[in-house]
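K.L.:
The primary structure of each chain is shown beneath.
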Amino acid sequence: MRIRPRDLRWVALAGFAGISTTVAASQATDLTALSLEELSNLQVTSVSKSAELLWLAPASIYVITHDDLVRAGVTSLPEALRLAPNLQVTQYTASNFVAGARGFAGAPDAQNFSNKLLILIDGRSVYSPLYSGVYLDAQDVLLDDVERIEVISGAGATLWGANAMHGVINVITRPAYLSDGVIAHAVVGDQRREVAARYGRRVGDSLSWRAYAKTFERDANVRLEDAPGEDDWHKVQGGFRLDWGRGDGNFTLQGDAYRGREDEPGIDGPRIEGANVLGRWQQQGRWADWQVQAYYDRTRRAQPVGGVAFHLDTGDVEAQARFTAGAHRIVAGAGLRVHDFDITNGVGLSFIPPDRTLVQANVFVQDTWTLTTRADLTLGIKAERDGYGGWHALPDARFAYRLGAATMAWVAASRAVRSPTPFDRDVVERVDGAVFLAGNPDFRAEQVDAVELGIRTQVREQLSMSMSLFANHYDDLRTVELTPVTLLPLLWDNLMRGETYGAEAWAKWQVTPAWRLSPGVRLLQKHLRFDAAAVQLLDENQSGNDPRWQAMLQSSLQLTRALNLELQLRHVDTLPSPRLPSYQELDANLLWRASPSLDVALTGTNLLDRLHREYPPPNGNRIRRGVMAQLRWHPQP
Amino acid sequence: MTDGRRRIQAWIALTAWLFVAFSAARPLSAEAYREEAVKAAFLHRFTGYVDWPAEALGGDAFRITVLGAPELAAELGRVLEGRKVKGLPVAIATSLPRSGPHPHLLYVGRGYAGDLGRLLAQHRSHPMLVVTDQPQGLEKGGAINFLLVDQRLRFEVSLEPVQAAGLTMSSQLLAVAVRVLDARSGTGAR
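Protein chains in written order, with the working numbering: chain A, 1 to 637; chain B, 1001 to 1190.
Rather than coming from a laboratory, the hints here were simulated on the basis of the structure.
Careful: at least some of the hints might be erroneous.
As the list claims (entries may be wrong) - Okay, the calculated beta carbon distance ranges per label pair: (1) 1123/B to 282/A: 28 to 36 Å; (2) 1172/B to 298/A: 50 to 58 Å; (3) 182/A to 1100/B: 54 to 62 Å; (4) 608/A to 1179/B: 34 to 42 Å; (5) 1174/B to 361/A: 47 to 55 Å; (6) 1089/B to 373/A: 51 to 59 Å; (7) 633/A to 1123/B: 23 to 31 Å.
For every residue, glycine included, the Cβ atom is placed at its ideal position computed from N, Cα and C.
Please put together the full structure from these sequences, using the hints given.
P.N.:
Printed below as a string of structure tokens:
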């Protein structure tokens, strides 16, 4: 690149032009000068209504807004989760992403998965009860219709139930009345092609609906050196949402259906398909606000040719009420979930029995007691029955103190569990016909007692920060053990315990009106130990091959009125066992709002290296640098 | 001139342009405003369309109390800094005084935890404009309640608490409201 001195004059001119538009802009944005009519016609970012409530929540919450998603140019749910500084997202292959919070984000070599984090999409749990964890490849939404993603790190079992040991992710889509009209979205890149379309409309005053369809294909990555990773995949998905409101009540009906094919090195990977439908009634009553919700979810995952195939049907119904009594805000509820599964056993992997009906049930109550205008005390407890009949008490206590209008500090203590699954109790794995690993019918829930200290503050208008420190005590963590005398098969057991300590912190700094920097960092120290009876076949990292720290820096820069450059740099420290060196990667998105109805974006993923690995082989492939162009057309209705 | 120096010059030029450009450009979402900023502007506007009894404005400040919305309180502080309302400097609080003068304007946001109906019943006859952002804010005794309609912030008005507080409200304000609850019938007039 060469710039001659005379070019600098253009630079200076461009600068002055920029300054003169700023003056005009700052006058136009003085809202106090606007009339009532003009104010009524301004479009407001509705996230702040929830943000206002979340600001008051005594928990470590990071919210990814719709605007964040658009500016970052992400096209899938796992990539969207990378925007949250309190999550650890690892890409193993093109289709296999894993998300975790506060450690224990999986050790696939030890057949341990990220099983301590819940994900809900519009109130529907997508946590798999078969192997414990979330199949992120099967979960997708049309990101253009997502209102926000709330990422809550820390134990949340009292409200969300078992398995919310380390956190909860709530993906919340917009109500249909906010998605009027057409969106067409196309992505063309060196490794992915994707098209999506949505249409929504209102019918009269009270009813609105939308429907969408999307499909994509992703190319394979690279395995060892330059051997092909064979992890290409494709998927088709469609869905709808209908919202109907009448006075104080509103009803939502929504559903999705999907089908996909994945490949894995050397073998045909799973075929996935599924569908779900959810209905929710919310009613604002005189004494209480009610919500009743029910959903049905069917999912199927089949390895072709002699492989295992899972069929799972889930039915869930839950009800909750919120009401205020004096200084007490009370929320109480109950739920029932039935998982009915049928597994076609494979040669290597089978379950005995291959079909079961697991019934989960829970009741809970939580009271937020306003002690003074500055202090709240929240006490809650959930009693939950897991699918194997064990009952768990999941209590939680939080104290929040507001220091002035813009700072809040909290302390919390909670207990949560990861409940046993067929993979813990019923699994039988064979190698050359001999049983190599067997489930343990006595396997118990993994348990955590968590304490947390947090503070969130708006230092100035331009700077807000959040920090939390946590200490967790674990008991009954899963280990792999030997059968006495015969040694094989290996058995699951609960013979590890220990502590973790950590911190999460992030900030949003509006450096200038057009430039925002958002740094974030996570630290984790694990001190795990085996019980005396443990054979220690694998080391402590069998419960999760986690980095000790991870940091990210997001920069959102407004180049001109219509042009935005988003950069996201991340550093992930060394994985201990199996070892993977630390790495840095950079994602970038240049967004051009060409017209009110057309966005054009140029997106780069993992730009720093042609190939990089986020998990050691054989489970992790070498992920390729990606470049893509995006076109998003949304004519004003 | 060596290539290295040219490259440095180019970087300086690019950095200078970026610096000027981003310090000058306005936020991308120019058409979407933060809800707090719009609410604060609304509250400021409302005071221009409402008259308080003269004796209520005898103090040394126009007092605003914001409950259950710390971000809005901070925003109001910024917006109204150095401005006067009804000829008085503005004082913003985030709690109701246990004794002493009442606020002229009380705002109760969604984050307010207590029983709104009871709170407002206790303060009914004071010359205080109550603005709420609550489900059924008017039914619980608010004079103006914010609604989010179609990603736009609108408001509804109930005349009964306005009269009970001894305030008068301009018809221009009523004309913009999405719903006006009449003082006598309690039914929607629009």
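K.L.:
Now, for every hint given, state plainly whether the structure supports it.
P.N.:
Okay, the hints, checked on the actual structure:
{"no.": "1", "hint": "1123/B to 282/A: 28 to 36 Å", "verdict": "holds, 30 Å"}
{"no.": "2", "hint": "1172/B to 298/A: 50 to 58 Å", "verdict": "holds, 57 Å"}
{"no.": "3", "hint": "182/A to 1100/B: 54 to 62 Å", "verdict": "holds, 57 Å"}
{"no.": "4", "hint": "608/A to 1179/B: 34 to 42 Å", "verdict": "violated, 56 Å"}
{"no.": "5", "hint": "1174/B to 361/A: 47 to 55 Å", "verdict": "holds, 52 Å"}
{"no.": "6", "hint": "1089/B to 373/A: 51 to 59 Å", "verdict": "violated, 24 Å"}
{"no.": "7", "hint": "633/A to 1123/B: 23 to 31 Å", "verdict": "violated, 52 Å"}
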